[in-house]
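Number of protein chains: 2
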Amino acid sequence: MAQDLTKLYQHGTLAMLVPGLFEGTMSLGDLLKHGDTGIGTATGLGGEMIVLDGKAYLVKSSGEVLLLPDETQLPFATVHFADHELTGSTVHNLTEKQLGDKILTEHALQNVFFAVQITGTFSQVKTRAVAEQKRPYPPLSAVADRQAVFTEEDGVGTVVGYFSPYLFQGMASAGFHLHYLNDAKTLGGHLLDFTVKEAELTLQPFGSVEQHFPLDNQEFMEKEFDLEKMNEEIERSES
Amino acid sequence: MAQDLTKLYQHGTLAMLVPGLFEGTMSLGDLLKHGDTGIGTATGLGGEMIVLDGKAYLVKSSGEVLLLPDETQLPFATVHFADHELTGSTVHNLTEKQLGDKILTEHALQNVFFAVQITGTFSQVKTRAVAEQKRPYPPLSAVADRQAVFTEEDGVGTVVGYFSPYLFQGMASAGFHLHYLNDAKTLGGHLLDFTVKEAELTLQPFGSVEQHFPLDNQEFMEKEFDLEKMNEEIERSES
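Here the protein sequences come in this chain order: C and H. If you count by the working numbering, then the first sequence holds residues 1 to 239, one letter each, in order. If you count by the working numbering, then the second sequence holds residues 240 to 478, one letter each, in order.
Since the hints were made in silico from the structure, they are not lab data. For each residue, glycine too, the CB sits at the ideal point set by N, CA and C. Worth double-checking, as some hints may not be accurate.
Pairwise CB distance ranges (calculated) [to be verified]:
no., chain 1, residue 1, chain 2, residue 2, range
1, C, Thr121, H, Pro308, 55 to 63 Å
2, C, Thr105, H, Ala347, 25 to 33 Å
3, C, Asp101, H, Asp384, 48 to 56 Å
4, C, Tyr166, H, Asp384, 24 to 32 Å
5, C, Ala131, H, Lys373, 53 to 61 Å
6, H, Lys373, C, Ser89, 57 to 65 Å
7, C, Asp145, H, Gln457, 20 to 28 Å
8, C, Asn231, H, Thr390, 16 to 24 Å
9, C, Thr95, H, Asp384, 21 to 29 Å
Derived list of chain C stretches under chain H, where covered just means 3 residues or more per stretch with a C-beta under 8 Å from a C-beta of chain H [unchecked claim]:
no., stretch
10, 167-176
11, 204-218
Pulled out of the complex, with its shape left as it was, chain C reads as follows (with noise of 0.2 Å):
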C-alpha cells in the first residue's frame, strides 16, 4: 500500500470505549498498514500504546513498557505515516498549556486533524495508564479511576499523539490528545501534563481522516450509544 502522507487513519471510536466495547477489533499488524505512527490501547484498556518508527509499545497500569506483537487486538487506535521531511521548530520552557495555545495562536489548524511529535527533553512529565479490564467491561468513566500516574524529571524522550476538531468529539477526544515514550522504553503513556525544556516540534496536518469501524463485531453494530452522557463521561475520562 502507498504510504498517504496526508491521511489519518483511525480505528473504532472514542464513543465506542466511553460504555465500555473494550474488546480487540483490529490487529495491530492490519493497523499498522495504515502508518508508523501513533496512539491507542489494546484490549480490556490494557494499557497506553504509542507506535514510534513502525514499533508499537504499550506502557501497563505496572509501569512496564511491552513491544507488542502483530498479533495484538486493538479496540480503538490512531496512526499516520509519518512525514519526514516536515521542518519542526525548536521549543524552549513551555507548559502543556503554553504549547498548545502556542500551536493554535500561530498555525490556522483548529479546524483540521494535525499530528504533534514532540522530541526532546521534558523537565517534567506525567502520564497515566490505565489498569486493563476483564468482562464484564465497566464504562471508561470507572477505568479512569483506576488508572496507575508516573511521573519523571528531566526525561529524554517522545510526545506522539493528535489534535482533533471540536465538531468530531466522540469519534476521536476533541483537542489534543498525547501518548509520551521516554527514550530508554521504561517511562510513558497518556500524558496528564508536561513541561517542555528544549525539543523539537513537528505538526503534520491532514487533508483527510480515514475512520475504520468494526463491522464484524457484534456488540458494536447492536449497541445503543447515549450520545447525550457521552460528553460528559469522556470529559471526566480523557482530561
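Please build the complex by placing chain H on the supplied structure of chain C, with the hints as guidance.
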C-alpha cells in the same frame, strides 16, 4: 485508483455549510475518483446534486436538471462506488418513515455509515432545491427558507443517499439524507417526503468513511465554528 467498495468518501462537512461556507473547494472530476454514486451540492448551494453511474446531475431551484461538467466546484459532497454484486430487496407501499424504520429494524446498521439506493416507482415524491446564493453568503438556515419545492406522482426514478450514525451529526446529516432523480431527468432534488409504490432497495454498509477537508481554503481554515448553535441550525435546515 482501485475501487474500494467498502469506503465512503466525503469532501467538506455539513458543519461548514451552517455558517455559510458555500464556496466550492473540490472539482467534480476529483470527487469522481472516489465514487460513482452519491449526493452533494455546488458552489453557492447552487442546487441539489445526485451522482448516478459516474454522472453528476444538479437540480436547480428553477426545477431544471443539469448534467455537470468535471470542472464544477463543490463545497460538500459524499460518494461511493456502488457494489453491483449486492442483492437488493423489493419494497412496496411504504412511506419514507416506514421505510427508514424497516431498514433500521431489520438490520443492525445504526452505528455505521451505509448507502441507500431505491430504484422503481414512487406514488408520491416531494423534493426541494435551494436557490443559488451569492456572496456575502447567508447562513444555511436562511437558505432553507428560500427553497423551491417539487412534487411528482407515480414517478419512476432513483433515490440515492446515506445513513450516518448520530455520533457524526455535523460532519454529515445524522440519520437518512436522500436525494432523488427521475428516470426522465426532469425532476429531482433533496427528498422532503416520498412513498414507494414498488421499488428495489439496496443497502451498502461501509467499513470506513474518509472525511476530506479543504486545507487550501483559508476561509474554512480560519473559521470559528459555533458548535452549540450548529445542531439546532442543522435540524431547521435539513428536515
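Item to complete: Confirm or reject the claim that Thr95 of chain C and Asp384 of chain H have a C-beta distance inside 21 to 29 Å.
Response: Violated, since Thr95 of chain C and Asp384 of chain H (Cβ atoms, about 48 Å apart) do not stay within the stated range.
Worksheet item: Does 55 to 63 Å hold as the CB distance between Thr121 of chain C and Pro308 of chain H, or does it fail?
Response: Because 56 Å falls inside the window, the suggested range holds.
Item to complete: Mind checking the hinted window 57 to 65 Å against the Cβ distance between Lys373 of chain H and Ser89 of chain C?
Response: At 41 Å between Cβs, range violated.
Worksheet item: At a Cβ distance under 8 Å, does chain H reach at least three residues of the stretch 167-176 of chain C?
Response: holds (count 4)
Worksheet entry | Range agreement (Cβ of Ala347 of chain H with Cβ of Thr105 of chain C, hint 25 to 33 Å) | Violated: the Cβ-Cβ distance is about 45 Å, outside 25 to 33 Å.
Worksheet entry | Verdict on chain H covering the stretch 204-218 of chain C, where coverage means 3 or more residues with a C-beta closer than 8 Å | As far as the stretch 204-218 of chain C goes, the hint holds, because 11 residues have Cβ atoms under 8 Å from chain H.
Discussion item. For the hint 48 to 56 Å, verify it against the beta carbon of Asp101 of chain C and that of Asp384 of chain H.
Written reply: violated (40 Å)
Worksheet item: At the C-beta level, are Ala131 of chain C and Lys373 of chain H separated by a distance inside 53 to 61 Å?
Response: The hinted range 53 to 61 Å holds for Ala131 of chain C and Lys373 of chain H, with Cβ atoms some 58 Å apart.
Worksheet item: At the C-beta level, are Tyr166 of chain C and Asp384 of chain H separated by a distance inside 24 to 32 Å?
Response: holds (28 Å)
Discussion item. Assuming the hint says 16 to 24 Å, is it satisfied by the Cβ distance from Asn231 of chain C to Thr390 of chain H or not?
Written reply: For Asn231 of chain C and Thr390 of chain H the Cβ distance comes to about 40 Å; the hint is violated.
Worksheet entry | 20 to 28 Å as the expected CB spacing between Gln457 of chain H and Asp145 of chain C, which holds or is violated | With a Cβ separation near 44 Å, Asp145 of chain C and Gln457 of chain H fall outside 20 to 28 Å, so the hint is violated.
The structure fails hints 2, 3, 6, 7, 8 and 9 (numbered hints given earlier, in ascending order).
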